[in-house]
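Visitor: These protein sequences, in sequence, are chains A and B. In case it helps, the numbering used here puts the first sequence at residues 1 to 166. In case it helps, the numbering used here puts the second sequence at residues 1001 to 1583.
The set of hints was computed from the structure by calculation and includes no laboratory data. Just to be clear, a hint being listed does not mean it is correct.
Stated by the list, open to error - The calculated BS3-like cross-link candidates involving lysine-lysine, where the alpha carbons are at most 30 Å apart (straight line), are:
1) B:Lys1493 with A:Lys114
2) A:Lys15 with B:Lys1271
3) B:Lys1008 with B:Lys1264
4) B:Lys1264 with A:Lys15
5) B:Lys1366 with B:Lys1316
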Amino acid sequence: MQTYVGAPQLPSDDKRWKIVEATARRHGREPHALIETLHTVQECFGYLDENALRFVASVLRVPLSRVYGAATFYHFFTLKPKGRHACVVCTGTACYIKGAPLLLKAIEQRYSIKPGETTPDGELSLLTARCLGSCGLAPAAVMDSAVLGKIAPQDILARIERGIHP
Amino acid sequence: MTIEELRKIAETERAAQKKFQHHVCVCIAAGCLSGGADHVRDALNKEVAESGMRNEVLVKGVGCMGLCSAGPLVTVETAVETAVNTDVQMFASVTPEDAPEIIRSLDTGGATGGDLAAAGLHPCPTNVPFFERQKKIVLENSGKIDPERIEDYIAHDGYVALVTAITEMTPLEVIDRVKSSGLRGRGGAGYPTGLKWSTVAKTGEQQKYVICNADEGDPGAFMDRAVLESDPHRVLEGMAIAAYAVGAQQGFIYVRAEYPLAVKHLKTAIKQAERMGLLGNSISGTRFSFHIDIRLGAGAFVCGEETALIASIEGKRGTPRPRPPFPAESGLWECPTLINNVETFANIAPIVRHGAEWFAAIGTEKSKGTKVFALAGRVQNTGLIEVPMGITLREIIYDIGGGVPDGKQYKAVQTGGPSGGCIPAEHLDSPVDYESLARIGSIMGSGGMIVMDETSCMVDVAKYFMEFCMSESCGKCIPCRAGTQQLHGILEKITAGEATPADVALLEELCELVRHTSLCGLGQSAPNPVVTTLKYFREEYDAHVTGDGCPAGTCSCGAGTRACRAETRLGAPGSQTSAEVTL
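Here chain A stands alone, though its shape is the one from the complex (with noise of 0.2 Å):
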């Protein structure tokens, strides 16, 4: 077996760990693999924390000052954890105009949280996307992988209660 020189050592026995450094190995260790590792990570753990943009500058031999810029550019890519469930609401242009600001300041009010923010109790993640391309169900939000289409701001409220409180 071909073993490297510097290969990183995993920073626990996670066996996530695994999967993030086969995702590298995949495109042998080039730091233009910095992306796809990245993805590769936050489908694992669903964000990026410090230890793993350590992680991933190591695998690769990328300054970890360019992980950290790239982690931060893109916006799909979140260093906070996410709450246990998430709302997303479609800030696409046909949902603006369809009242999707109205969906926003529902749940805005109701759990006094901004677009980005988790509850304190970790509950309740709320995010926007900029377009979830359902413009067809116009205004449209995401909740907990289910789509709303055509929904009311008391509907989307009772919707969020339910998925928290089943």
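We have chain A already, so just place chain B on it with the hints.
Guide: Frame of chain A, contents of chain B only:
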């Protein structure tokens, strides 16, 4: 794989499908899927099994049928022996509970719309302008074939163009055919595709790349996603033909991570094509080899710009660089790189198959072929449409779209997303082609088309797009980074009713500056929504600054109610802090 082998696969597949008397197609593209189309398909399958019709009824998941607002959609096709006169019935808003009724309607055969409606179904006539006014090239298989089966694509003449091109044509002949078809880039700018190809082909380098730009970032646009979800092989075939023409061996599809279904279908399609020897090493026994890899985007709008996209594939932050050198000469890893949009590649196979003259006969003098649009907003029929170039906006919005609902008055249509403009009623009869749209201040764009009625405030719409550009600016060049901030600030002030006419003058001046001094297309086109609304809806700006209030009643300056004020202010994530302060 030779032409004969392809024909054999196609015939086997057609024969296998013909065995079934009834074809029940369920749209499982993202729009209908979010309405529960997968459950509908499962229910239909279960019903077919239970009623013992497994040998007569074929239930298959297909791509987008277009009328997304009426989803989930199901079509029922009963094959008549002659196969010329097939009877297609479409159902809208289908639920899993409708499955027994749909299967029962197959038995009775000639059930009329009335009978079906009485049975609780929603028959959807297909002989209406929404379907009849369209002309489908890119979407010809969409809603007809199973996107996860290569055999179904081959049964619809798939990969014939690729095999013909590499076995019977020289690369130069392929380029000439694309050139004389008059195809122009469908990403929005409209650069002649054949010309781009020949630039890449002429470079003497050994290593070249072909990239498919599927980073569809415009809010309100979902054309590329629909094509990738509904007919992924068409894009692969187009890319392979392009690679043969320009002399590339490696291709990348840069697709948004937000499109999981499109990614899944693409991955399946690549695997299938490789297994059949239609991608990979020495395709069709020739010396031509071509591999395709997928690269996931990570939610940066600027990566739709080609040099930023290349940076992103290289694993860097997606920031653009000055051109020239253009990617055609120095692109990915400094090698000559051909970048085309999804829809451009989707047009290639039909052009090679039917010839350049056939394609050039569709459309206008300078804009050939068709264009796919995502029609949405305040319009009766929202969904995905494909129309010949040169059709008027009025035909699209009123005939195909069915007009503005709820008795409201049409105000504007927005094309081209954050880089485009708002087109007022006076230009509704303007034809849809690259030049005409540019003349009235908008752009063709990638194909988003959002209709707005009297309830939308044009200043607020301009602010919405400016907020988008502001937060999506990559920050590399100052005019875009700082300019969009300032423009957004002025628009905030106007919608809050705190601006003076001097602010509007400053707005205009700043628009010019940002447009002429920004590094890439994002900044250069960011002022477009403001410039067009200023041009056509000046009175709305004036009303905001002279104290007359917002004519649409959505902004916070006077005329609108306090409730409206809160709504609009909370509209976009980036404006949260200011909303908090003013509330």
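Visitor: Are the hints correct? Go through all of them and say.
Guide: Hint by hint, here is what the structure shows:
1. B:Lys1493 with A:Lys114: OK: Lys1493 (chain B) and Lys114 (chain A) at ~22 Å, within 30 Å.
2. A:Lys15 with B:Lys1271: holds (27 Å)
3. B:Lys1008 with B:Lys1264: holds (28 Å)
4. B:Lys1264 with A:Lys15: holds (24 Å)
5. B:Lys1366 with B:Lys1316: This hinted pair is violated, its Cα atoms lying about 38 Å apart.
When each numbered hint is compared with the structure, a violation occurs for hint 5 only.
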